[in-house]
Amino acid sequence: MATTALTPAGTATKYGLYDWLTTTDHKKIGILYLVNSFVMFFIGGILALVVRVELAQPGLQFIKEATYNQAFTIHASLMIFLFIIPILAGFGNYIVPLQIGAPDMAFPRINAMSFWMLPLAGIMILTGFVTGGAAAAGWTSYAPLSEARYSGVGQDLWIVGVILIGTSSILGSINFLVTIFKMRAPGMTMFRMPIMVWTVLVTSTLVLMATPVLTSGLIMLFIDRNYGGHFFDPASGGNAILWQNVFWFYSHPAVYIMVLPAMGIVSEVLPVFSRKPLFGYKAFVFATAGIGALGFSVWAHHMFTTGAVYLPFFSFMTFLIAIPTGVKMFNWTATLYRGQLIFSTPLLYALGFLTMFLIGGINGAVSAAVPVDFALHDTYWVVAHLHYVLFGGSVFGVFAGVYYWFPKMFGRRLNETLGKIQFVVMFIGFNLTFFPMHVLGLEGMPRRIANYSPEAGWSDLNLLATIGGFTIAASMLPFLWNVFVTMRSGEPAGDDPWEGNTLEWATSSPPPPYNFDRLPEIRSERPVFDARHGLSGGGHG
Amino acid sequence: MTALVAAVSLLAGCGSFGPPDPVTIQGRETHWLYYFVMIIAALVFVVVNGLIIFAVVRYKRKPTDTELPPQIHGNNVLEIIWTVIPTIIVVVMFVFSFNTLNSVDAVANTTDIRVRAVAAQFQWSFEYLSADGQKVLFQQLAPEMTIPAGKTVHLSLRSKDVIHAFYVPKFLFKRDVVPGRENVFEFTVDPADAGQTFSGQCAELCGLYHDSMLFTVKALSPADYDAWLAAQIVKANQSPPPAPSAQAGQVELDLTAKDLTFDKAALDAASADKPFTIKFQNNDPGTTHNVAIKDATGQEVFKGEIFNGVDNRIYPIPALKAGTYTYVCSVHAAMTGTLTVH
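Listed in order, the protein sequences are those of chains A and B.
First residue of the first sequence: 61, per the numbering used here; consecutive thereafter.
First residue of the second sequence: -3, per the numbering used here; consecutive thereafter.
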């Protein structure tokens, strides 16, 4: 399937299956990342529907608790570890070398290895379903529930899978950092790099600093489970809270790992479709770095109710991180001002990102107030919050990127009408699913329960959320159809269909294996814009 | 100003966009803080989203737009403004939440009402402690906590296995029950709420039947509470009555609990209007079960003693009219079956 579906018809040489399996070309690896991530997205989405179907009515109708707990655990694990993080790494892989005018990533073979660990990890995690039950302790796998006494072999498979993904991320981050520092084209100074590259740079730093901590924790948990370690099990002298500290020391920065590159995509799309430069480029760079730095000091806001956290510090830092995020929000909005907005599909998704991520940021700030978090923690409020950040934010950003760069990757432009239909259906479905969850959480519905009483008063909103979930699923049909028909007979895109600003638009679509025949002069963060219009005022200065 | 009106009407419009009315003194403060931060949040949302929507509506590209728009790269004054204003907002939010935290989370240790909630997969029990907290006066195996309204209750939390969380939505509060660590908090139910029962449940995923780990909190007036506690202590110190044995000719039913399920989903008793017995075997080691019987209206007509496995009891069931009843375990609401009497 990969061979035919991914071949850009007529515009470039045909690649065989062997090419795809052995490639070290960052562009093909990027596409492999995207395809693998979308496969995981669809499996994770089906698991989400399993959860929603069971919750549509009170009582247990279709599945038992055992299946339910596996479904939400694997749903979250796939979506986080094998969809959002890798798909953004995939965009980074494809786009970063092009945007800095490099012929490839710094370490092409390591790049291929980073990718191939991911399908393997996915298979490991999913194998749990046929070996007596997949992991069922939540994607957070809190000890001691994740210890051998309370959970089966699916948990071991999960641990090994996540270790593989972590290793893949660490290798990828080193690759990105070296590529960005060492392989920029002449003239491409740090402050002329596209914001997308900046976000990948900061993200890679976060990955490099945080992921080894999680990997260590996972290995400790594995030792606990299989070789009689006593790290996290209080019954044998371990400390259950230690796991949470280690886990969130990675997993909170991971939220920024999952959001920053999406912010990068949006920061590429908004200027192009407003026909203006990004407002406040340097402020944006500093805000990105600020989010990255502060992101390491807020992990324990996931643990306010454990009674084992110094609350004022983590509350204060959590409030603070709203500031650089707010700066970005205002800069994006200011980019739109006095522009000439072209409402193509990528802009719609970018605007979806702005408005939905805004909600995700604000309802997060509400729960930074510790007493409020005492009420809302581990309820559906948190489920609403995290989906507004990771779906309303990251996933809308991902689709902005798909529609924006598809013509570069495959030489054909996705159908605009189908794209807009998908956006509208997805936007409505997303809000139908997740907005009611705020109210469910306020009313006291805990997350991760398969069953609730008909007297609890949660039935109507749950049914609404289930209808919303199927609406989101329905929005994937026009998308898949769009990809299918565009691959077969889409409108040829040309090198620069959107009048882009950055270097990827200065080469053919798809680009040749070595990326560029010649590069335009780089004298600002918008070299292609400068070449098209003549240098207008020397960039942001 | 317009934004303020819009935000307030937005909040009023969805009247339920807030937590339930709190029943504790501490919860009231959280309730107030929630609306304080929520109104700020709603204002921010309305302002920022309003700016975005305005830009989207106003600056659509027109066919006459052949020239590029002004290429504005930024404005340092604006950057400072939109850094400083959010900083002030979040510092104000922090200060208010810090103050509220100090009173919500305060443990004065001066009360003599001390209760310990003990959580285990998948059940709650409650131990009533002496004023110094050293001695267990009485242990309630049913997941029902009884407390005096108007008095401060010192609740400590103990887990026998994994992490659970003690959560009562109407308290606007939860606290994790962590193995190897004894968390405590204090709460005071409003005296006006004496006589009420509040539902609670485990809020931290604790395994297979996490969803069925329910409990209730019953608030009594202090006088009723003292009488209730004294009676419970007397009852607990009595030697257990001799187990009734099945009388000749009396119907005896068998029922077993294992892995948090009853072995039979339905029981049949051909003994309308005659007493009968249920021989109940609890095969879950360390886990408490019982059998309670409810009629079609949900009224409890019999509640057997709750006891730890592995053990058994013979429950004498009073005479029941012909009809359909449900039997449940009082500790595990998900364990149910149907009893038909004819």
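None of these hints come from the bench; they were simulated from the model.
Computed from a prediction, not measured in an experiment: that's the story for all the values here.
Ideal placement from N, C-alpha and C gives every residue a C-beta, glycine not left out.
Mixed in with the good hints there might be a few duds.
[Unchecked claim] Distance ranges between label pairs, derived from CB positions:
#1 A:Arg578 - B:Ile76: 36 to 46 Å
#2 A:Ala295 - B:Lys254: 17 to 27 Å
#3 B:Phe13 - A:Lys480: 26 to 36 Å
#4 A:Val484 - B:Ser217: 39 to 49 Å
#5 A:Val484 - B:Arg57: 15 to 25 Å
#6 A:Val484 - B:Asn98: 17 to 27 Å
#7 A:Thr187 - B:Val132: 40 to 50 Å
#8 A:Gly297 - B:Val132: 50 to 60 Å
#9 A:Ala295 - B:Leu133: 25 to 35 Å
Evaluated hints:
The hint said 36 to 46 Å for the Cβ distance between Arg578 (chain A) and Ile76 (chain B), and at roughly 42 Å that hint holds. The supplied range of 17 to 27 Å is met by Ala295 (chain A) and Lys254 (chain B), whose beta-carbon atoms lie about 24 Å from each other. A beta carbon spacing of about 31 Å between Phe13 (chain B) and Lys480 (chain A) agrees with the range 26 to 36 Å that was offered as a hint. Separation of Val484 (chain A) from Ser217 (chain B) is about 57 Å and departs from the stated range, judged on CB atoms against 39 to 49 Å.
Take Val484 (chain A) and Arg57 (chain B): their Cβ atoms lie about 20 Å apart, and the range 15 to 25 Å holds. In this structure the hint that Val484 (chain A) and Asn98 (chain B) lie 17 to 27 Å apart at CB is violated, the actual value being about 47 Å. For the pair Thr187 (chain A) and Val132 (chain B), the beta carbons lie near 47 Å from each other, so the given range of 40 to 50 Å is met. For Gly297 (chain A) and Val132 (chain B), the Cβ-Cβ distance of about 25 Å falls outside the hinted range of 50 to 60 Å, so the restraint is violated.
Separated by about 27 Å at the C-beta atoms, Ala295 (chain A) and Leu133 (chain B) satisfy the suggested range of 25 to 35 Å.
Hint check: violations occur at hints 4, 6 and 8; the rest are consistent with the structure.
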